[in-house]
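**Student:** Keeping their order, the protein sequence lines are chains A and B.
Residue numbering for the first sequence follows numbering that gives the first Met the number 0, beginning at 0 and increasing consecutively.
Residue numbering for the second sequence follows numbering that gives the first Met the number 0, beginning at 0 and increasing consecutively.
If you are wondering where the hints come from, they were derived from the structure by calculation, not from laboratory data.
A few of these clues could be false.
Listed next, with one range per pair, are the computed distances between beta-carbon atoms [said to hold, decoys possible]: (1) A:54 - B:103: 32 to 40 Å; (2) B:71 - A:287: 50 to 58 Å; (3) A:43 - B:67: 48 to 56 Å; (4) A:54 - B:76: 38 to 46 Å; (5) B:217 - A:209: 32 to 40 Å.
Using N, Cα and C, we set each Cβ at its ideal position, and we do this for glycine too.
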Amino acid sequence: MTITTAPRRRRSFAKDEARQALGFASPALVGLALFTIVPVVLSIVMSFFDWPTFGERTFNGGANYARLFEDPNFLPALRNTLVFTVLYVPVSIALSLALALGLGPRIRGRGALRVLFFIPVVTPMVANVLVWKMLLQPQGLFNGLAQTWFGAELPNFLADRQWAMIMVVVMSVWQGLGYNMLIFSAALEQLPESVVEAARIDGARGLRMIWSVMIPMISPAIFFATIMTMITSLQVFVQPQMLTGGGPGNATMPLVMWIYNQGFKFQDLGLAAAGAWILFALIIIITALQFGAQKKWVHYEH
Amino acid sequence: MSTDTVIDRPAPLDATEHVEPERRTGREPATRGSRVRTAIGHVVIYLAAAVFMLPLVYAFFSALKPNGDMFAMPPSLFGSEIRWSNFAEVFAYGPFWTYIFNSLFVAVAGTAVVLVVSATAGYAFGRLRWKGRDAVFVLFLATLMVPAEVLVIPMFQVMQWFGWVDTFQALIFPFAFTAFGTFLMRQFFRGIPFELEEAARVDGAGPIRSFLQIILPLSTSAIAVLAVFTFLSFWNSYLWPLIVTVDYAAHGTLPVGLASFSGLTGTRWDLQMAASIISMIPTTILVIALQKHLVKGIAMAGLGGR
Numbered sequence: 000m001t002i003t004t005a006p007r008r009r010r011s012f013a014k015d016e017a018r019q020a021l022g023f024a025s026p027a028l029v030g031l032a033l034f035t036i037v038p039v040v041l042s043i044v045m046s047f048f049d050w051p052t053f054g055e056r057t058f059n060g061g062a063n064y065a066r067l068f069e070d071p072n073f074l075p076a077l078r079n080t081l082v083f084t085v086l087y088v089p090v091s092i093a094l095s096l097a098l099a100l101g102l103g104p105r106i107r108g109r110g111a112l113r114v115l116f117f118i119p120v121v122t123p124m125v126a127n128v129l130v131w132k133m134l135l136q137p138q139g140l141f142n143g144l145a146q147t148w149f150g151a152e153l154p155n156f157l158a159d160r161q162w163a164m165i166m167v168v169v170m171s172v173w174q175g176l177g178y179n180m181l182i183f184s185a186a187l188e189q190l191p192e193s194v195v196e197a198a199r200i201d202g203a204r205g206l207r208m209i210w211s212v213m214i215p216m217i218s219p220a221i222f223f224a225t226i227m228t229m230i231t232s233l234q235v236f237v238q239p240q241m242l243t244g245g246g247p248g249n250a251t252m253p254l255v256m257w258i259y260n261q262g263f264k265f266q267d268l269g270l271a272a273a274g275a276w277i278l279f280a281l282i283i284i285i286t287a288l289q290f291g292a293q294k295k296w297v298h299y300e301h
Numbered sequence: 000m001s002t003d004t005v006i007d008r009p010a011p012l013d014a015t016e017h018v019e020p021e022r023r024t025g026r027e028p029a030t031r032g033s034r035v036r037t038a039i040g041h042v043v044i045y046l047a048a049a050v051f052m053l054p055l056v057y058a059f060f061s062a063l064k065p066n067g068d069m070f071a072m073p074p075s076l077f078g079s080e081i082r083w084s085n086f087a088e089v090f091a092y093g094p095f096w097t098y099i100f101n102s103l104f105v106a107v108a109g110t111a112v113v114l115v116v117s118a119t120a121g122y123a124f125g126r127l128r129w130k131g132r133d134a135v136f137v138l139f140l141a142t143l144m145v146p147a148e149v150l151v152i153p154m155f156q157v158m159q160w161f162g163w164v165d166t167f168q169a170l171i172f173p174f175a176f177t178a179f180g181t182f183l184m185r186q187f188f189r190g191i192p193f194e195l196e197e198a199a200r201v202d203g204a205g206p207i208r209s210f211l212q213i214i215l216p217l218s219t220s221a222i223a224v225l226a227v228f229t230f231l232s233f234w235n236s237y238l239w240p241l242i243v244t245v246d247y248a249a250h251g252t253l254p255v256g257l258a259s260f261s262g263l264t265g266t267r268w269d270l271q272m273a274a275s276i277i278s279m280i281p282t283t284i285l286v287i288a289l290q291k292h293l294v295k296g297i298a299m300a301g302l303g304g305r
């Protein structure tokens, strides 16, 4: 548009500019083609082949997608991923929102507290998981304290089918809390003082202020955080991989671990690619549903 | 904005006069009730922070215990002796320095690539005019939707074709071309007044010169934010290094090394805790140093959703 409507004398100028723009954009374009476009296309192709890591590849139509549902671990992995997401997202969002509100401008040591809550976010996940693994041992701190203080024997968290998933969720909430808290803090700091003040003059206080004024005002940030948190939790891998190894049995094995195992333990890249596409479809569908629902609760100023 | 919220109602005139004195800070008058509420708020937050920090504090003290005291009953913060030597033993047990060096090298090199690629592409998309620009940009943004988990399978195949399996290139390049950096830089560059550049252009400066001497110097804060987040994501990434690294002792990054280390040491919880604590130090220092910029950065990256 801009080029065609530009004055005649600018034409050679514009041609120059287009050439130079290509120069500027080419590293990104080449990288994107090599490391995103090619893999995406390749991944579709692979999902229709018997594609071992080494050796013969043969086209098998949609057989991989059919095989997915015969695999004894695929559907449980799909279910585990959904259970994790359903448990993790609301708890994580609610807690980080409560923290951000609690860390309002009047709290002393706000900066230090923010750093505190942010440390696990930036720490290598493996280190976080090792710490929790130690705490959750049958002889670890939690059970030790329960026995010493209350004489109560806690369940063996990581070896129990129900508890293992709950602990994966608890550990993940702890790990990820600081990130959303910071997003909400940033949004709260941008609230126009005049609006908050006007509401206060109208008599809004405490919970009413939070529920009727602050939360609607930062609902775009809450929406954004919910979407991102949901996408990352559908991709959960490290926490169950390190904490429980997907066990006991397959009780905490999520989809990404299943994909990893198929591809790199069992060397069946075609089946793994098919599983990855199911995961992608799931992410798209859930994200689309959320965008559909946002009219009901997200308030935009414009 | 929905009409049933309090916000849309205009403030009654007479009320404005009442609150006039506190307008500056929006602070309520310090009645006894509000002081109590504030105090309770403080206590709740500090308690929450203490509970939150418990795992890390306990891990730190566990790293100082002899292994035999790790799961003693009743649990205690201190073991029978304080063993700082655990931290030294970590380095004797595995190629821990190599993991740290590899992580540092990969994260710094990866960040450098991301910064160069994002800044140049951001300039092309944000400030230069060319045919098809917007369509290509939409394609860029669309790739953000593809999760890494979908990409790792074919990416591993591509690495095999390149002969890059178990190399540093494979750790650095595949995830250094994400559209996120380009998007961030483009948004920031578009906010810089065009007159600044026009003037230089009229004086004969080409795009390269005005990019290097006008746009980049004005964008240090955006570049810093992108650098920090990129560094952290390289430093902490686990799935891809786990897949593409074969010889951990040579090319293992810290998360992969740490995971394999915990397999090696088996029941040596003292060493595992010491190793975990060591791996937390660099990022913790980074966060403390950049504390003030974190919120600003997240807000600026448009991550606040506004």
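**Student:** Confirm or reject each hint.
**Tutor:** Hints and how they fare:
1. Taking 32 to 40 Å as the suggested C-beta distance range, the pair residue 54 of chain A and residue 103 of chain B conforms, at roughly 37 Å.
2. Distance hint check: the CB atoms of residue 71 of chain B and residue 287 of chain A are about 53 Å apart, consistent with the given range 50 to 58 Å.
3. Taking the beta carbon of each, residue 43 of chain A and residue 67 of chain B are about 55 Å apart, inside 48 to 56 Å as hinted.
4. Between residue 54 of chain A and residue 76 of chain B the beta carbons are some 55 Å apart, a value that contradicts the proposed interval 38 to 46 Å.
5. Between residue 217 of chain B and residue 209 of chain A the beta carbons are some 38 Å apart, a value that agrees with the proposed interval 32 to 40 Å.
Violation of the numbered hints given earlier is confined to hint 4; every other hint is satisfied by the structure.
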